[in-house]
Amino acid sequence: MLQSLRPFLTKILNPVASRLDINPNIVTVISPFVAVLAAWGFANHLLILGTVAILASGFLDVVDGAVARYHNKASKFGAFLDSTMDRFADAIIYIGIIFGGYCDWFVGILAIHSAICVSYVRARAESQGVDCNVGIAERAVRMIILMIGAIIGYFAGDIYFTYIIYILVILSYFTVGQRVLHVWRQLND
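Going by the numbering used here, the sequence shown runs without a break in its numbering and finishes at 311.
What follows is a set of in silico ranges between Cβ atoms, one per label pair, in the way DEER data are often shown:
| no. | residue 1 | residue 2 | range |
| --- | --- | --- | --- |
| 1 | 203 | 250 | 18 to 28 Å |
| 2 | 310 | 167 | 42 to 52 Å |
| 3 | 285 | 144 | 37 to 47 Å |
| 4 | 138 | 289 | 29 to 39 Å |
| 5 | 202 | 167 | 34 to 44 Å |
Please keep in mind that the hints were generated in silico from the structure rather than gathered at the bench.
Virtual Cβ for every residue (Gly too), placed ideally from N, Cα, C.
Let's have the full structure, built from the sequences with the hints guiding it.
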């Protein structure tokens, strides 16, 4: 869904990447630690801190790839590490949200499960040779919705943030369905 923004992001990120001649895996590993800050913010009812930390974690998540591409350091292990750290970050953020009481523990577990399933279906499809970058709620979209929900919750009340979490669970499982259907069509043509 956000793939159309890639050329625009490349123009913005290339100057940053040119100044960061470091191993991109270092940037990748830092991202989940920033997600811990987001989780801590949510657990302590600091919605703006949680939002800013998600934004920072997301920024690092795109910078690592930009650094890898700009300096010709992209690798299969780097892509694997990036995907793994993204799953850690997703789960850590939702754990903070659960601890903050913004959703019932069961809904929080569903949020973690659905986020992981979206990525798992894509990875499994690609292992079968099917490009599976489809669906309404890929990770970047989910993080944007989560940040908007936290801001709305901050200004309008916690219950609105809770509603956003419910919506995210539904959108994530819907995305899983979209991806499964896409793979089924690709493999049965």
